[in-house]
Amino acid sequence: DAKTTQPNSMESNEEEPVHLPCNHSTISGTDYIHWYRQLPSQGPEYVIHGLTSNVNNRMASLAIAEDRKSSTLILHRATLRDAAVYYCILRDVGNQFYFGTGTSLTVIP
Amino acid sequence: DVKVTQSSRYLVKRTGEKVFLECVQDMDHENMFWYRQDPGLGLRLIYFSYDVKMKEKGDIPEGYSVSREKKERFSLILESASTNQTSMYLCASSLRQGFGGELFFGEGSRLTVL
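Going down the list, the sequences are from chains A and B. Residue numbers for the first sequence follow this note's numbering, beginning at 22 and rising by one. Residue numbers for the second sequence follow this note's numbering, beginning at 75 and rising by one.
Extracted from the complex, chain B is given alone in its bound form (with noise of 0.2 Å):
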């Protein structure tokens, strides 16, 4: 069974400090996303890589790099995390066949900066 993991399912941080979220696939997926999820506002990518090493930046990069150093894992960091960035993080993952693939999520990590 496909799997998309995500390291803790919640946190709570507080305003400063540097948070990690991990992610892991097991499906040899070259695609890998981070999205953040807020009431009203839906799905909103934040970063995406297509390989090791690789990132392009999405709708709301502001205040989070990634890093990708294996291909099956994935990692969103908050430099200093702000009480802004309470929100619901969803990862994904994604064959790079062609434009048809299906994306795979993980539970997601609820994070709250006080």
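The shape of chain A in the complex, shown without the other chains (with noise of 0.2 Å):
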């Protein structure tokens, strides 16, 4: 099964762009690459996800490399409101998501 590695936490300034990293290095050509976040005492809500091209919404941008192999969720602002927990997860043909254990972000005032 495909899994996600992600960095345990990660900081930024308030305003600034934050770069969440994830590896996915056993991902199949039809794994789709999803991100959520988790605020704290909610259940995980949809950001973005894709396949092989970068992709825009209007809260992140999802940018995935060549080999499909990592991907980087760019917050281009961070607000005090992006302070949560983010999770790189793969969908396979199976419809199954696998989580991993994401990346929880601070943002400093």
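These aren't lab readings, by the way, just hints derived from the structure by calculation. Among the clues, some could well be false.
Using 30 Å as the maximum straight-line C-alpha spacing, the simulated BS3-like pairs for lysine-lysine come out as follows [as the list claims (entries may be wrong)]:
id: 1; chain 1: B; residue 1: LYS129; chain 2: B; residue 2: LYS145
id: 2; chain 1: B; residue 1: LYS92; chain 2: B; residue 2: LYS129
id: 3; chain 1: A; residue 1: LYS24; chain 2: B; residue 2: LYS129
id: 4; chain 1: B; residue 1: LYS77; chain 2: B; residue 2: LYS127
id: 5; chain 1: B; residue 1: LYS127; chain 2: A; residue 2: LYS24
id: 6; chain 1: B; residue 1: LYS127; chain 2: B; residue 2: LYS145
id: 7; chain 1: A; residue 1: LYS24; chain 2: A; residue 2: LYS90
id: 8; chain 1: B; residue 1: LYS87; chain 2: B; residue 2: LYS77
id: 9; chain 1: A; residue 1: LYS90; chain 2: B; residue 2: LYS131
id: 10; chain 1: B; residue 1: LYS92; chain 2: B; residue 2: LYS77
id: 11; chain 1: B; residue 1: LYS77; chain 2: B; residue 2: LYS144
id: 12; chain 1: B; residue 1: LYS131; chain 2: B; residue 2: LYS144
id: 13; chain 1: B; residue 1: LYS131; chain 2: A; residue 2: LYS24
id: 14; chain 1: A; residue 1: LYS24; chain 2: B; residue 2: LYS87
id: 15; chain 1: B; residue 1: LYS92; chain 2: B; residue 2: LYS145
Starting from two chains that each stand alone, build the complex the way the hints lay out.
Here is the structure:
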């Protein structure tokens, strides 16, 4: 089963960009890369996903390496509300989602 | 607004009790999932279902069973609760539209087994 590896924690200053890395060296050709975040006392919420090309939405950007073995979630201007645990996960052909342990992001005012 | 609703936010049960965790989604999703979340271990998949009356084991199904009699409802059952099943339980759903569809989560059910 494909799995992901993320740093346990990261810090960022408010209003600066944040780059959250994820390694998924065993990814298969049909696995989608998803990112979710979890605020305290809430269930995870969807952020963005992609397959091969870089993706942008109103929340963030997703940069996918050419070999697809790594990806980076980019928050363009971190706010205090972005402090959360960010999960990089893979969705496989069997519709399963494989979660890692996530990166706890601290935003410093 | 899409919604996944878990029946109880907090439960306290005794060892050996039978526990039912209910999850309902209003988005007509085919796929439904049950995860447990523990500190340092992230989210681990217990069971998932891709259709009514269908179920598949996830990574940690031991000690759990599930029921999906209607498309919108997915129940997690602990036949005989044990203290090591104290955890946060998260239900999620998604469309079965190829491989890209996002997961929608409920707010979680925190179970304590004494």
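How the hints compare with the structure:
At most 30 Å may separate the alpha-carbon atoms for a hinted pair to count; LYS129/B and LYS145/B meet this at roughly 12 Å. Distance restraint check for LYS92/B and LYS129/B: the Cα-Cα separation of roughly 20 Å lies within the 30 Å cut-off, and the hinted pair is therefore satisfied. With a CA separation close to 22 Å, the supplied pair LYS24/A and LYS129/B stays within the 30 Å bound. Pair hint LYS77/B plus LYS127/B holds up; C-alpha atoms about 22 Å apart against a cutoff of 30 Å.
Taken as a hint, the LYS127/B and LYS24/A pair is honoured in the structure, with Cα atoms around 28 Å apart against an allowance of 30 Å. At roughly 9 Å between alpha-carbon atoms, LYS127/B and LYS145/B fall within 30 Å of each other, so this suggested pair holds. The hinted pair formed by LYS24/A and LYS90/A meets the criterion: a straight-line CA distance of about 11 Å does not exceed 30 Å. Proximity of LYS87/B to LYS77/B is assessed by CA-CA distance (about 27 Å); at most 30 Å being required, the pair is judged to hold.
Pair hint LYS90/A plus LYS131/B holds up; C-alpha atoms about 27 Å apart against a cutoff of 30 Å. Taking the CA atoms of LYS92/B and LYS77/B, the gap is near 27 Å; set against the 30 Å cutoff, the hint holds. A C-alpha spacing of about 16 Å is found between LYS77/B and LYS144/B, which places the hinted pair at or below 30 Å, so the restraint holds. A C-alpha spacing of about 19 Å is found between LYS131/B and LYS144/B, which places the hinted pair at or below 30 Å, so the restraint holds.
Taken as a hint, the LYS131/B and LYS24/A pair is honoured in the structure, with Cα atoms around 17 Å apart against an allowance of 30 Å. Taking the CA atoms of LYS24/A and LYS87/B, the gap is near 33 Å; set against the 30 Å cutoff, the hint is violated. Restraint check for LYS92/B and LYS145/B: satisfied, since their Cα atoms lie roughly 23 Å apart, inside the 30 Å limit.
Violation of the numbered hints given earlier is confined to hint 14; every other hint is satisfied by the structure.
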